[in-house]
Structures are given as structure tokens and as C-alpha cells.
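Trainee: Here are the chains, one letter per residue:
Number of protein chains: 2
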Amino acid sequence: MSAKEQQKRTDFERIFHPQRLAIVGVSTDGGARGFGIGMLVGLQAMKFEGEIFPVNPKGGNYAGLNFYKKIEDIPGQIDFAIIAVAAKDVPQALEACRKKGAAGAEILSAGFSELGTEEGKLLENKIREVAAKGIRVVGPNCFGIYCPRSGLTLLPGPDLSRQSGPVAFLSQSGGMAIDLAHKGKWMGLNFSKVISFGNGADLREVDLLNYLADDAETGIVGMYMEGIKDGDAFFQAIKKTTEKKPVVVCKGGLSAAGQRMVVSHTASMGGSRLIWQSVLRQVNAIQVQDLEELAEACLAFCFLPQKVFQRLSIVGGGGALGVTACDAAENFGMEVPPLAKNIRESVENLLPKPGSSGTNPIDVANPFVEPKILKEVLRTAAADEQIDLQIIVSLLYHYKTMARMLGKPIAQVAPYRELAELLGGVAKDSGKPIVVVLANSKRGVDDLDIVEMLALARREFLERGLPVFDDLHEAIRAINHVNTYYEKRQKNER
Amino acid sequence: MSAKEQQKRTDFERIFHPQRLAIVGVSTDGGARGFGIGMLVGLQAMKFEGEIFPVNPKGGNYAGLNFYKKIEDIPGQIDFAIIAVAAKDVPQALEACRKKGAAGAEILSAGFSELGTEEGKLLENKIREVAAKGIRVVGPNCFGIYCPRSGLTLLPGPDLSRQSGPVAFLSQSGGMAIDLAHKGKWMGLNFSKVISFGNGADLREVDLLNYLADDAETGIVGMYMEGIKDGDAFFQAIKKTTEKKPVVVCKGGLSAAGQRMVVSHTASMGGSRLIWQSVLRQVNAIQVQDLEELAEACLAFCFLPQKVFQRLSIVGGGGALGVTACDAAENFGMEVPPLAKNIRESVENLLPKPGSSGTNPIDVANPFVEPKILKEVLRTAAADEQIDLQIIVSLLYHYKTMARMLGKPIAQVAPYRELAELLGGVAKDSGKPIVVVLANSKRGVDDLDIVEMLALARREFLERGLPVFDDLHEAIRAINHVNTYYEKRQKNER
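In order, the protein sequences belong to chains A and B. Plus 5 on top of the position in the first sequence (first one is 1) and you've got our numbering. Plus 5 on top of the position in the second sequence (first one is 1) and you've got our numbering.
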């Protein structure tokens, strides 16, 4: 049976939303790295929606759940299994899960081909043999699946969000998977599913891309890849996916030393920097340098309309910011055009003098310009037909000085809620997106109140559909990724 | 009198450490943007060491200080003046300060050549004429001077550190000056002097570089430049400086639009991207993209010995980190060589199994490896003669999970103090520097305790001489700047 035929038959619904879930290898005495019990704790903390059947040959119980001594003892069929037993016991456990009717299993255990030993490779082959009989496998040597809708979670993830969203993430690295899931929680990325597939003995980039291409829940695909197994199939799968939705790829192991590491990490083949660049460009996938850039690109894809934003207006305070903004925009092929004369004059009438400028970048001159004035500035600038998108660099952190003078907490003094509300309204009414940069140069022990206020502010902006970045340069880079993707996609569709 | 002759005579000691300081334009009714009164408040908060003489034509008083109605009314001589009156009144105020014997003045007021008007240019010329009679001027259109040793501070800077250190910063932008001063406070950059010189009517890049080149307090010079006045003089001054100490330059306005902005911001000439790159490379100045990179480069220059670090050992957790580390190191021309066999074996004997690796990057496999084990790992790896420098990517944020289980605050559970102490000892004993990366993917409203713990941890590491970065890629980029500078300097000195 070809991979494609098998995929058609794969019941991903039962894998991502299992009603009956076995955890094989739940030891309360710290064995097998405590992965099984860690996962049980995590699933309970996440309020996983299905029924859990823990398995431990010694029996026992935890948090109200009795442990089954054997997989075979579980009453009835299971949908999915989490396997966390010692490597040598994995093939047998997987076979037992298959016989119990599981559509799939994730194998958290390490000790397979990544060791580079014959024994490890043989054990991984045995996994593949069982899988071929009719159970799909995620892993081994992985952190599993995170699916907010069902409450499945990654290995050290008892505190991930249950809010579903459009971002899927496929990762050969468990660390990257859990890091992105955590970043998403505060950055405002919500996930359809995050899959850490480790060595990828069975399910890996090609099958998963093919699935996600047609998954209605998924609007954006992120990938952390170290190597691929079948170049042609990958090329077809990613091409098919990018025709429908953006795919953002972080390829690790592009250096010589990095490639050596890839072999020992997930036992897959690397490939040169140039080959990857050219292939990814050819299929209109977005290549990024690191997880930070990947998260920021996904954020822009989530929050911005599906189009190209050529001309920006940028609102901030201070002349150097304007200079920086223009440099960054030009670096990424965008423009910051001077506003039309009448609009510029209207903007200038709104702003404190001297020191302000209504040209574009718009310099509001001081950090305490009231939200309702800022709202008018953005509303006015949006009326310039040149402008596709607006960026506001918020200076909220400066309210610390005012808070200190008033003897009040900064979160009470900085008008972040009002600003978010008003700017949310402008974006909606004008139909032109607003991107927010929450700048902050104060992050020390004495200024954690600023960090807290900005975390609260971020949430307010996100709730109103405004994406938030830490830094202007990063915001513009992320917008550029959106431009690159839709420019090419529009060209291809013509 | 040539600029050089004048500089020789300039009494910088009286400018940076004034015993008697006038603030001209201290209005308590919000006039002239409140700069004067803001500065008075700031200086008092900073416990400025000298005597302050506020001047306001209407008289009045504030916080125990009586205002003089005229500069002439101040008894005796003054050393330095802060001028914050309306632009049209500036030349006269400056002349009065000169007559009072001031060695220099900073002019915070805006409304000069940056307006692009004839009137503005004329007014600035008048400043220059007064200066030529024998008073050095910083500004106009600037945020002034920050000098931790004397307590002089920048405009919105009542909360800067009084801790002196080796970093000087020259900035055409006031915003960049205050931002770097704030960043320095938590990043561990201590300053000799920060000078925001705005339009630079008198003192600017050339004079200030010439001064800093010979300033015993200054070991590293950072610059934010938009444009220069005299290319040849700048070339000579920066060359002379880099022969003695590193100079890190962020050049704003390299794009076409950015250059337009430069003209209106500080009324100086820009110059093409390529020209700047080649000039800066030729004089062995380090060019950076933004203030973030500038701060990180300065941090590396502050904390690392004056040499080239070709081969790194990197200690972290997780396979992808190793891949990323190798990619980043190779990007910047550094190596992460496999450790010698006996050393690798010793390291592996220290680490939990399975999942760890002693090759290099060293994968410690889990985030809860005890500080004393980590200390032994770094001590052992340092014994490999290949290794010039070690980087540890700390996983302290993972202690949140443990803190939650124990029902304790993370700052009590995460062993950051012990880790800082032990690693500080390893760096000292081995003579090989250790760079710390405090990674953290959790920054949301629910995880501010992690942010706080890491801010405390950062302080502990810094106190023991270990520089801290947020991100591995940024750390390696900063080390590379140190390498670039000393490689070329050693070559030149041979």
C-alpha cells in the first residue's frame, strides 16, 4: 500500500480527538524519564476531553485513575495511545495498541535510530513494520501532539491554551514544538494542531503536509525541519499546500556542523543551504531563520488580510524612529510615502507642537498624546488612499514616569485599554489593518511593572484583532513575509 | 582657532562633572515643553553631585530651590548650563552663560535647522557664533548628557543608574540615547558618559570621538549616527579611536526614505549604504543594524577579554538547540568542535541518560540538572585546549513546572543564585569566559513570575562577570563583533 493510499485511510479525527486514550508506561517511580506520568498530569491539567486508560505492569493508581496492568486489559477499543515505555518494549506495546483498534500512537520514548546504533535502527524498523499493519505512528523520540480542541498536549505542556486557531506546526524537534506552543499563548497564535514527530518513523513531513493542506481547521502551516526522507514527495506535498495556505519553514542544520548534529538528533538527511533556499522559494514557502521569526510570520499571517501591503504609514515618537522605520521598510521592499498634503495638514493640526510631524512617518512628539488623539491621527492617515497598512509604535512604557509622579501603579495610569479599543475601531472602520509595536527599553528588576502592563496591553490589542510585535524591525519583516507569499500566489493564480 | 585647538582647551571635566550648574528655563507652568523642570526633577532624583541654579524670569521655587530671574543673578561662576528656553531666546541665554564662565551648555530646545527654515538655520548659526567665543555646546534639539559619576542625566531620565562603567555613547538621536541608557541598566552596561548631541551645532561626532579616544574612563564607544559634517575629519577621528578601543556604529538613514528623514531630524548629510559599510570596515569600526545589536555588542566588549574566540563549547538542552548553535556559529565563522574523546567521556559520565550528549554542543538532556553538575560539565569542557569560550543556554524557566508542583514561587525553586555563583567560579578558575543565554518562551500574563525570576538571575550572573543574552543567535553575533575587532586590530598592530 502506498503512503498516499494509507493516508486516505488514516483516521486523523481519531488521532487528534481521541475519545478513548491509552497511556502506556505510566510509572510513578520515575522510570522511563517519567514521560508517561508527566503526560497524564498534563492531560488532566488541560482537562482533556476523552477517557484516559493508564497502563503499568505493576498496576497502581494516580489522581483517581486505576492503572491497567496490560494494554489488553483495557475494556473495549481505544482510539489513540501515548507510548512511553523503554525503547526495547515499544514495538510490542505498539502492536498491542493496534490490536486494540487504535488509529494511531505517539511514541515519546527515545533510543532508536537517533543513537546511530544498529540496535536502534532495528528497533525503529520494527515500529515501521507494526505501523504498516495499520496504525499510524508519531515519533519515536518526540514530544507528541498538542491539539487545543481535544486537550491533547505536548510532553511538558500542562499549561498550554485550550483556544483553537488556524496555526498548525510540524516539528522534528520536541523542544521547538513546546517552545512555539508556549510563545503562541502570549503572542496570540492559536493552534489547530502542533505535531512533534521526532524521528518520524512513520508519519512525517509529507503525510502531515498532505493532511494539513486539506484540513479546514488549519489556515497557516509552520514547520521546523532538520531533514527530509523523500525529496520528490516533499516537493509535491509542500507545493500543494502552499497553493492553498502559507507554509513557513525553519530549516535547521544548514551548516556543516549543523548537519552533523541533525544526524544524531533525528537521524535524517540534511541538504545544502542553497538547495533549500531555492526549493523553498520555488514552491512559495516562506523561509525563516529561527523560531522567533517563524512565530512572528505566523502572527502576521493570522491577523492580516490575505493581500500585499506595499505602502505603510508609521506612527511613533522621536525622529530616529522615523529614520529606522524608513530604513527597515526599504530593506523589505516597502514604502513609507509622504501623506497627501491635506491629510498631512489635518494630522499636524491634531498633534502637540513643536517637535511633531505629520509627514510619514508621523512623529507624535511626546509619549503622552491621548488615545483619542492617536485614534484621530490613525483615522485621518487611513483616509490617504496610498496607505495599505498602518503601524503604531506605542510608547506606553513612558507612563512609568507619570505613574511615579502620581504615586499610582503604571497599569492604572497607562491608557492601554482605551488605546486598544479605539485603534481596534479605526482598523475595523477603515478596513486598513493596524499593527502594534509595544516598545520597551525598561526590563529590569525595578521595572517589572512595565513588563506586566505591556503583557496586559498586548492581550487587549490581540483581543481586538491587532497583532503586536516587540520591535519595529521584526514587525516589518513579518509583514514582508505576508507580502512575499501573496504576491507570488496571486501571480501563480493569474 | 581650529576645532582641534579649541578642543584642546575645552574643559570637558567641567562639562561632565559640573560643580555649579544652571538650568535656564525652569517653568513650572508647562511652558517650553517642560524640559527645564523635567531636568531639575531628574537631577534631584539622580542625586546630582553639584549645586543647581534654576533660572526663570518670573522667579518662583521648586523642591527647596529658589529660581533666579536672570542668569546674571547667579552668584559667582558656573561650570555648565542646561538651556531649555524657546528657540528664539537661546542665543542670548547661551551668551549669558558664557559670560558667567560656563565651559559648556546643553541646549534641549528644538526649533533650529531641523525645521528646514531660514529662520531655524539663522538661529543655529547664532548659537555657533556664541560657541566660537568660548563655550562648547551640546545640541540644540537634544536630550543632553548622562554622566553616572556626576549624576548629570538625560531628559526623561530620573531613574538611570549612578554606576559608572566603560561604555560611552554618542547619539544624534535623543530617543536612542535614553533608550540605550535604560537598556544598559538591566543588561549590565555601565556608562562613562552618554551624549545626545542632536543637531550638533558645535560639539559633534569628531570632537567627541577625539575626546573619548583619550578618555581613560571610556573603554568602548557606541555611536548612533545619522549624518556627518566633515567626512575627512570623521575618518581620522574614528580611525584614531579604533586604534585604542572598539567603536560600534549604528548608522541610521541608509535608505532613500531614511535619508529624507535624516535631513528633517537632525539636518545633516547622509551617505550611501555602500560608502558607509566600506568606510567603517576600513577603520575597523563595528557596524550594527539597530540599537539592540549595538547594546549586545557593547555588552560583549565589556565582559569579554580583549581577544578572538574562534572555538566555542555550547551547553544546553535538546537536540534542536545543538543544531541551531552550530548553524549560528558557522554563520559567524566560528566553530563548535567535537570535544576531545577523554573529555567527552568525562562529560557524559556526569549527565543523566538517555538523551544527553557530551559531544559539543553538549546536550544536558533535561532542565533540572543540578547546578553543581552543570558546573562540573563546564569545568571539564573548559579543560579541552581547543575551547576558547563557553556558552550555556540556561533552561531555568522550566522550573515553573516544578514550582507549581511544589506550590512555591519559582524564584524560590529555580537555583539561579547557586548556578551564577558556581559558573562564575568556573569562568574565573579556567580563564575561559562563560556567556549565559537566559532563554524563555513564556512571557504571558500568567508567567510574569518567570520573567521576574530571570531578571533576578540576570543580575546574579552579571555581578559575577558573566554577560547575559536573551537568545543564542544574538549572543553569537555579539561575540563575533568582538572577534572581528580584535582580529583586525591584532593584524594592524603586527
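Calculated directly from the structure, the hints in this document are not laboratory data. It cannot be assumed that every hint is accurate.
[As the list claims (entries may be wrong)] Pairs of lysine-lysine, DSS-like flavour, derived with a Cα cap of 30 Å:
| # | chain 1 | residue 1 | chain 2 | residue 2 |
| --- | --- | --- | --- | --- |
| 1 | B | K52 | A | K413 |
| 2 | B | K93 | A | K346 |
| 3 | B | K447 | A | K447 |
| 4 | A | K358 | B | K234 |
| 5 | B | K131 | A | K358 |
| 6 | A | K93 | B | K493 |
| 7 | A | K413 | B | K358 |
| 8 | B | K447 | A | K250 |
| 9 | A | K447 | B | K413 |
| 10 | A | K358 | B | K93 |
| 11 | A | K126 | A | K138 |
| 12 | A | K358 | B | K346 |
| 13 | A | K447 | B | K250 |
| 14 | A | K52 | A | K131 |
| 15 | A | K358 | B | K358 |
| 16 | B | K358 | A | K63 |
| 17 | A | K52 | B | K249 |
| 18 | B | K493 | B | K249 |
| 19 | B | K346 | A | K93 |
| 20 | B | K346 | A | K126 |
| 21 | A | K234 | A | K244 |
| 22 | B | K93 | A | K75 |
| 23 | A | K131 | B | K447 |
| 24 | A | K74 | B | K413 |
| 25 | A | K346 | A | K312 |
| 26 | B | K93 | B | K131 |
[As the list claims (entries may be wrong)] Listed below are several chain B residues computed to face chain A (Cβ distance under 7 Å; list not exhaustive):
| # | residue |
| --- | --- |
| 27 | A115 |
| 28 | G258 |
| 29 | L411 |
Here the structure is a predicted model, which is why all the values come from computation and not from measurement. Note that beta-carbon positions come from the ideal geometry of N, C-alpha and C, so glycine has one too.
Trainee: Next step is simple, just say for each hint if it's right about the structure.
Mentor: To see whether the hints hold, each was checked on the structure:
1. K52(B) <-> K413(A): holds, 23 Å
2. K93(B) <-> K346(A): holds, 28 Å
3. K447(B) <-> K447(A): It holds: about 18 Å lies between the C-alpha atoms, which stays within 30 Å.
4. K358(A) <-> K234(B): holds, 28 Å
5. K131(B) <-> K358(A): Distance ~23 Å between K131(B) and K358(A) Cα, so the pair holds.
6. K93(A) <-> K493(B): violated, 55 Å
7. K413(A) <-> K358(B): Roughly 52 Å separates the two Cα atoms, so the pair is violated.
8. K447(B) <-> K250(A): Holds: K447(B) and K250(A) sit about 28 Å apart, inside 30 Å.
9. K447(A) <-> K413(B): With Cα atoms ~27 Å apart, K447(A) and K413(B) stay inside 30 Å; holds.
10. K358(A) <-> K93(B): Distance ~15 Å between K358(A) and K93(B) Cα, so the pair holds.
11. K126(A) <-> K138(A): holds, 19 Å
12. K358(A) <-> K346(B): violated, 68 Å
13. K447(A) <-> K250(B): holds, 28 Å
14. K52(A) <-> K131(A): Violated: K52(A) and K131(A) sit about 34 Å apart, past 30 Å.
15. K358(A) <-> K358(B): violated, 66 Å
16. K358(B) <-> K63(A): holds, 23 Å
17. K52(A) <-> K249(B): violated, 62 Å
18. K493(B) <-> K249(B): Holds. K493(B) to K249(B) sits at ~12 Å (cutoff 30 Å).
19. K346(B) <-> K93(A): holds, 28 Å
20. K346(B) <-> K126(A): holds, 24 Å
21. K234(A) <-> K244(A): Judged against 30 Å, a Cα distance of about 16 Å means the pair holds.
22. K93(B) <-> K75(A): Violated. K93(B) to K75(A) sits at ~89 Å, over the 30 Å cutoff.
23. K131(A) <-> K447(B): Violated - the C-alpha atoms of K447(B) and K131(A) are around 38 Å apart, more than 30 Å.
24. K74(A) <-> K413(B): Violated, at roughly 35 Å.
25. K346(A) <-> K312(A): This hinted pair holds, its Cα atoms lying about 27 Å apart.
26. K93(B) <-> K131(B): holds, 10 Å
27. A115: Check passed: Cβ of A115(B) comes within 5 Å of chain A, closer than 7 Å.
28. G258: Holds, because the Cβ-Cβ distance from G258(B) to chain A comes to roughly 5 Å (cut-off 7 Å).
29. L411: Since chain A brings no Cβ nearer than about 14 Å to L411(B), farther than 7 Å, the hint is violated.
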